[in-house]
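A.B. asks: Sequence:
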Amino acid sequence: MKCVPCLLKLTRKIAAFSAITALAFLLPIAALADINSTATLSVGQSLNLDTGTTNTSGTGDITFTGTSITFIGSAKGGALPAALGAGQSAFSSLTQTELQALAALASSTPIQASSLTAGTSAGTIIGLGTNGGNAAKLLVTAISSTSISFQYTTYGASSTGPGTPTVTGVTNNYSFIPAGFPNSGVTPSSIITIFGSNMAAPVTGTLTLQSSAGAGIPTTLNGTSISATVSGKTVPLGIYYATPTQIAAVLPAATPTGTGTITVTYNNVASNAFTLQVVASAFGLDTYYGTGNGLVTATDATTGALFNYTSSMSPGQTITLWGTGLGADAADSDTVFTTAPHAVNQSQVQVWIGGFQAKVLYAGSSGYPGLNQINVTIPSGVTGCNVTVVVVVNNVPSNFATGPFNQGGGVCSDPAFGITGSQLTNLSGQTTVKSGSVFVGQSISPNPSGVQTTNNIAFAEFQSVTGSAYGAATGSASIGSCIVTEVISLNGGGNVTSKGLDAGSVSLAGPGGANYPLMSVAVLPGFYTAMLPASAITSSGGTYVFSWTGGSGTTAVGASMATVNLPNPILSWTNQSVGATVARSQGVLVTWTGGAPGTFVYIAGNSMNSTTGASGSFVCYAPQSALQFMVPSYVTETLPAGTGMLTVENLTSYTTFTAPNLDYGIGFGFTSVAINSTYQ
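For what it's worth, numbering that gives the first Met the number 0 labels the leading residue of the sequence shown as 0, then goes sequentially.
Please keep in mind that the hints were generated in silico from the structure rather than gathered at the bench.
Any given hint might turn out to be false.
Stated by the list, open to error - With beta-carbon atoms standing in for the labels, derived distance ranges:
#1 T260 x M560: 57 to 65 angstroms
#2 T53 x S73: 18 to 26 angstroms
#3 M518 x T69: 30 to 38 angstroms
#4 S107 x V202: 30 to 38 angstroms
#5 L588 x S113: 48 to 56 angstroms
#6 G132 x A200: 20 to 28 angstroms
#7 T53 x A342: 45 to 53 angstroms
#8 T610 x S143: 24 to 32 angstroms
#9 S113 x A521: 21 to 29 angstroms
#10 V520 x P568: 52 to 60 angstroms
Even for Gly, the Cβ is constructed at its ideal location relative to N, Cα and C.
Construct the complete structure from the given sequences, taking the supplied hints into account.
C.D. replies: Here it is as structure tokens:
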């Protein structure tokens with residue numbers, strides 16, 4: 000039997016080495032390069048979206064004339080069509096990739112003020128390309144004949160100009176879960192990230208983390224200091240780094256819980272007092288790419304080695320997870336590295352790996368201010384490349400990360416998805432990944448009137464994305480796991496570049512010999528789709544063959560084909576009534592019959608709170624043979640109370656295909672049923 004105190008001492012020694020590795024992930028570089036701010040332009044004022052500065056000299060990207068928004072220089076843009084959404088929720092979910100895909104709609108034609116609507120629920124969204132070559136989005140929040148106000152994000156820019164410091168968001172440094180969700184908020188003794196503009200002096204060269212050794216991390220850095228006021232108590236924050244658009248700081252242990260404010264002072268000028276929600280516990284898991292999702296940052300509790308797709312975690316092994324937000328830690332310093340290990344809320348900590356509860360050996364201080372570590376033993380039965388890892392503290396779930404697991408370690412594998420750890424490592428290490436996906440299926444879902452409608456669809460997508468974006472991809476999890484997405488993002492979408500690839504003419508041949516052409520989507524290069532007739536998909540499934548002629552130019556994909564087999568028999572969701580009202584605190588049990596052996600079942604839910612604009616979703620994967628799956632309460636509890644849908648799909652195992660100039664291709668078939676749901 001292992002000596003637990005000895006284990007803790009060993010862990011403490013490892014922390015002094017491994018926490019440095021974990022601290023390196025404090026810097027989600029992609030997020031550092033975005034501006035998230037607000038602006039109000041009076042008649043004649045202009046805004047430079049690449050720096051976040053306003054002027055009356057007519058320089059920058061846009062000018063407000065009183066009757067229109069005009070573009071300056073080579074800047075272009077346009078109001079998004081109403082069909083693509085409006086208001087805060089649509090603005091928050093609009094990604095950099097989608098903006099780039101909509102670039103074909105941009106023009107230098109002024110946008111008439113009379114065509115714009117304002118407000119958080121229905122405000123017009125404007126997409127732009129700046130003079131600096133960056134993508135930007137604006138949400139109109141107020142407009143009159145004398146001024147216009149908007150919220151905006153510029154991807155890949157850096158606020159360097161003078162101006163009043165502005166705070167636009169505060170989140171846990173690792174989870175990035177924004178306000179408005181049941182598991183949002185920041186805790187005392189945690190590392191927080193502050194987003195905004197003009198908050199510190201520009202940083203030149205490599206960004207350096209402040210050391211917690213000796214005097215400890217400073218409370219003033221780059222001309223910046225930070226204070227938080229909650230329940231009448233004001234506390235200063237120690238700072239790990241400070242840039243014009245992003246700051247990482249430690250919220251002191253003495254900060255009371257409740258609603259308060261946080262203020263950033265730069266060059267003796269105070270920012271707006273931004274609302275701060277301080278809660279007892281809200282843990283954020285560190286992830287490899289610093290995005291709050293994707294590959295979890297986990298180390299071997301004995302050697303300190305970092306796990307990856309070709310060096311997997313093994314059932315029975317003890318690992319260390321890193322993050323922040325276990326709760327107030329009065330025994331540790333807010334600014335100085337300490338050496339005495341001690342637990343923080345350990346009795347209230349649960350760790351779930353792929354739906355199995357792991358044994359928690361230690362949860363507490365790492366020695367570094369604000370940084371927590373959790374040592375757990377991996378339960379048996381865990382396998383896959385994207386197995387969900389989630390920490391629950393005082394019944395509050397963290398962000399959802401994924402990790403590679405394999406008995407004995409080594410290379411992970413997800414046969415159902417046609418992927419191995421070696422492939423994931425190779426692809427995520429590339430500068431760009433050129434991928435393709437094709438699918439055909441039948442969807443039964445309610446129309447706007449609530450009537451269940453059947454649609455048969457075929458879809459093909461060919462895209463090139465950055466390798467790091469591929470590695471940090473969300474929305475997928477190994478069989479038996481669930482993944483959660485909370486879409487209001489305060490730290491932007493990062494420097495993810497994506498562009499469509501040209502596959503030429505794409506068509507689909509059905510099992511009866513019928514051939515269906517897929518139409519390219521003009522505003523979304525690389526996307527092809529077709530609505531199929533009712534006769535195209537029957538209850539007996541069948542074989543479908545996609546083929547494409549190949550494109551031309553530098554974005555060309557060579558001619559090839561891919562085969563997809565639809566399940567037979569079609570799966571039947573046998574307890575649809577449970578989805579009408581979902582008690583988030585209880586989870587939801589889904590049952591089914593049918594479906595082809597060897598396929599799997601995809602269970603998805605989403606809800607939106609119309610008051611806060613928070614919109615969350617989850618996806619779970621189960622083997623068809625199980626005939627049921629319990630969506631855990633720690634999954635449903637992350638969704639905001641509101642209305643949405645619950646969907647059950649039968650998915651075939653992914654088949655892979657190859658094509659010239661393509662790194663990876665997958666195909667699958669599906670049948671799905673979706674119903675309207677209320678999440679309480």
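A.B. asks: Does the structure break any of the earlier hints, and which numbers would those be?
C.D. replies: 10
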